[in-house]
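Kindly generate the complete structure, drawing on both the sequences and the hints.
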Amino acid sequence: DGNVQSVNVQTCNIDNNAKAKSFKNAIERAVYKASPLPPAPDKSVFDREILFHFRVN
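In terms of our numbering, the sequence shown has 47 at position 47, counting the first letter as 1, and numbering is strictly consecutive.
For the record, the hints were derived by calculation from the structure and aren't laboratory data. Each residue gets a CB set at the ideal place from its N, CA and C atoms; glycine is no exception. Mixed in with the good hints there might be a few duds.
Okay, derived cross-link-like pairs now, DSS-like style, lysine-lysine, Cα gap no bigger than 30 angstroms in a straight line [unchecked claim]: (1) K33 <-> K21; (2) K43 <-> K21; (3) K43 <-> K33.
The following label-pair restraints were derived from C-beta to C-beta distances [said to hold, decoys possible]: (4) S44 <-> A20: 30 to 40 angstroms; (5) A20 <-> E49: 30 to 40 angstroms; (6) F54 <-> A18: 35 to 45 angstroms; (7) S35 <-> C12: 19 to 29 angstroms; (8) D15 <-> K43: 40 to 50 angstroms; (9) E49 <-> N25: 15 to 25 angstroms; (10) D47 <-> I27: 15 to 25 angstroms.
The following block contains the structure:
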């Protein structure tokens, strides 16, 4: 159905712990806000797990 069920931020390369926690929370909120995700164009390419990589310059 496209609903995001969970978010797991695995690494965050920010030295300041408070900033890292804030950044991780912002990533989590953004992913949940994108829910529901659009359906896959073909069920053969569907996977229940999707990896996103976020980079900040």
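Now the hints, each set against the structure:
1. For the hint pairing K33 with K21, the CA-to-CA distance comes to about 18 angstroms; that is within 30 angstroms, so the pair holds.
2. Restraint check for K43 and K21: the C-alpha separation of about 36 angstroms exceeds 30 angstroms, so the hint is violated.
3. Between K43 and K33 the alpha-carbon distance is near 24 angstroms, which keeps this suggested pair within the 30 angstroms criterion.
4. Separated by about 38 angstroms at the C-beta atoms, S44 and A20 satisfy the suggested range of 30 to 40 angstroms.
5. The hint said 30 to 40 angstroms for the Cβ distance between A20 and E49, and at roughly 24 angstroms that hint is violated.
6. At about 18 angstroms, the beta-carbon gap between F54 and A18 misses the expected band of 35 to 45 angstroms.
7. Between S35 and C12 the Cβ separation comes to about 21 angstroms, which falls inside the hinted range of 19 to 29 angstroms.
8. Look at D15 against K43: about 44 angstroms separates their beta carbons, and that is inside 40 to 50 angstroms.
9. Taken as a hint, the range 15 to 25 angstroms holds for the pair E49 and N25, whose Cβ atoms sit roughly 21 angstroms apart.
10. The given range of 15 to 25 angstroms is respected by D47 and I27, whose C-beta atoms sit roughly 20 angstroms from each other.
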